[in-house]
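Place chains G and C on chain R using the hints.
Read top to bottom, the protein sequences are chains R, G and C.
According to this note's numbering, the first sequence is numbered sequentially starting from 45.
According to this note's numbering, the second sequence is numbered sequentially starting from 45.
According to this note's numbering, the third sequence is numbered sequentially starting from 45.
Just so you know, the hints here were simulated from the structure itself, not pulled from any lab data.
Identical copies go unnamed one by one, so any copy, or any two together, can satisfy a pair.
Each computed PhoX-like pair below joins lysine-lysine, with the alpha-carbon atoms no more than 20 Å apart:
1) K173 with K95
2) K66 with K171
3) K66 with K173
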Amino acid sequence: MSNISVDEIESMRKSVTIVPMKTTTTYLTMHTPQRRAFVHLTSQVQEAVRKSGVQEGICLVNAMHITASVYINDDESGLLRDYDVWLEKLAPHEPVAQYRHNGAEDNADAHMKRQLMGREVVCAVTKGKLDFGPWEQIFYGEFDGRRKKRVLIKIIGE
Amino acid sequence: MSNISVDEIESMRKSVTIVPMKTTTTYLTMHTPQRRAFVHLTSQVQEAVRKSGVQEGICLVNAMHITASVYINDDESGLLRDYDVWLEKLAPHEPVAQYRHNGAEDNADAHMKRQLMGREVVCAVTKGKLDFGPWEQIFYGEFDGRRKKRVLIKIIGE
Amino acid sequence: MSNISVDEIESMRKSVTIVPMKTTTTYLTMHTPQRRAFVHLTSQVQEAVRKSGVQEGICLVNAMHITASVYINDDESGLLRDYDVWLEKLAPHEPVAQYRHNGAEDNADAHMKRQLMGREVVCAVTKGKLDFGPWEQIFYGEFDGRRKKRVLIKIIGE
Numbered sequence: 045m046s047n048i049s050v051d052e053i054e055s056m057r058k059s060v061t062i063v064p065m066k067t068t069t070t071y072l073t074m075h076t077p078q079r080r081a082f083v084h085l086t087s088q089v090q091e092a093v094r095k096s097g098v099q100e101g102i103c104l105v106n107a108m109h110i111t112a113s114v115y116i117n118d119d120e121s122g123l124l125r126d127y128d129v130w131l132e133k134l135a136p137h138e139p140v141a142q143y144r145h146n147g148a149e150d151n152a153d154a155h156m157k158r159q160l161m162g163r164e165v166v167c168a169v170t171k172g173k174l175d176f177g178p179w180e181q182i183f184y185g186e187f188d189g190r191r192k193k194r195v196l197i198k199i200i201g202e
Numbered sequence: 045m046s047n048i049s050v051d052e053i054e055s056m057r058k059s060v061t062i063v064p065m066k067t068t069t070t071y072l073t074m075h076t077p078q079r080r081a082f083v084h085l086t087s088q089v090q091e092a093v094r095k096s097g098v099q100e101g102i103c104l105v106n107a108m109h110i111t112a113s114v115y116i117n118d119d120e121s122g123l124l125r126d127y128d129v130w131l132e133k134l135a136p137h138e139p140v141a142q143y144r145h146n147g148a149e150d151n152a153d154a155h156m157k158r159q160l161m162g163r164e165v166v167c168a169v170t171k172g173k174l175d176f177g178p179w180e181q182i183f184y185g186e187f188d189g190r191r192k193k194r195v196l197i198k199i200i201g202e
Numbered sequence: 045m046s047n048i049s050v051d052e053i054e055s056m057r058k059s060v061t062i063v064p065m066k067t068t069t070t071y072l073t074m075h076t077p078q079r080r081a082f083v084h085l086t087s088q089v090q091e092a093v094r095k096s097g098v099q100e101g102i103c104l105v106n107a108m109h110i111t112a113s114v115y116i117n118d119d120e121s122g123l124l125r126d127y128d129v130w131l132e133k134l135a136p137h138e139p140v141a142q143y144r145h146n147g148a149e150d151n152a153d154a155h156m157k158r159q160l161m162g163r164e165v166v167c168a169v170t171k172g173k174l175d176f177g178p179w180e181q182i183f184y185g186e187f188d189g190r191r192k193k194r195v196l197i198k199i200i201g202e
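For reference, chain R alone in the conformation it holds in the complex (with noise of 0.2 Å):
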């Protein structure tokens, strides 16, 4: 028969409500008309955040191409215009065959511009949201567009 204690029950009682942790993956689409953009991605995170049920973890957002980017920063017009003069300033499209990569391909700036933007975020979910101060907005900045491309967010935590 069962040798277990009524204390073991009451200890077994307390574990056992752990809340497991969760995982959950999304993926968006993303293909722009113009070689150069910036397109806003709060809501569609945070949308995500939501679904996934996940009160307290991190959440990840990548572009899954290597000639775009996902960034934090403010969703003001001025500023996506001076970003685009500014990366255009430090990695220049032209003339193309500066570059080694070029020939079959014209997009090695695009490869460049991706690094000084960076990949990925990773931001706090707390309390079921965005961990997020005033101005943090989320942006998918593409450097080689006019194509279908993939951005992931991946959710972790209870």
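What follows is chains G and C alone, placed relative to chain R:
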């Protein structure tokens, strides 16, 4: 009556010793008197890790403002000065009129400097401590200070 | 005697099948004969993911030294050459006296190149594998080599 077997009790005894996932959230307040400054954060982050009780996991540290960075590099005054000069070269503050974002504000360059240095770091926690190489130190990089900002530390693990 | 009910046993039976969180830590050693070099790491990281047994989670890969990067981009020799030229343009090694950090050392530029390419990548693990787009490859970027350095792989998930 209960139909639990001795084997099952043994199995449950083992299972319920699962260490549950832990998460903790800590906010630091920054307020630098200068427009640009570097603040060493390693000991505050290490203290948050210790308090969390997490032995194995990861630790996210991010600026909650979009004109500031959290990054990992050397705690050496010459290098901090070099970073300041270098960032000013790649994303100059003056002339402020070169940026469309400026007008009511004059901090467009700070939004660029922050992208170069990054928003966040993700650190491994191993045996209850930041799992760092010999020279790794966490810094807050302020590029538009003279006001209150926050840094978030999220720790997730077991 | 035990006052556990049949329903409670059923409920506990279900609860205790919770898959526990797993974490694993792996260290790679790097030693490039050149000052600057790129080393392809994808297969070693994928192997660490396989060994961890994690099916769903995230994988942090970071340089443990502050003159090296871990980043994700293309495995294409022309691009690697372009990155080298471009990084040298944005953060030139010579003249070494332009940097205050230099003196006993001559690697200030390496601390800047590392910031441009980043310290770490955080990757999603889905169905037991790195959840990557078609061209994503993990690289170690060395900017002050000719000595032993380490890369850390931390995997967390279930």
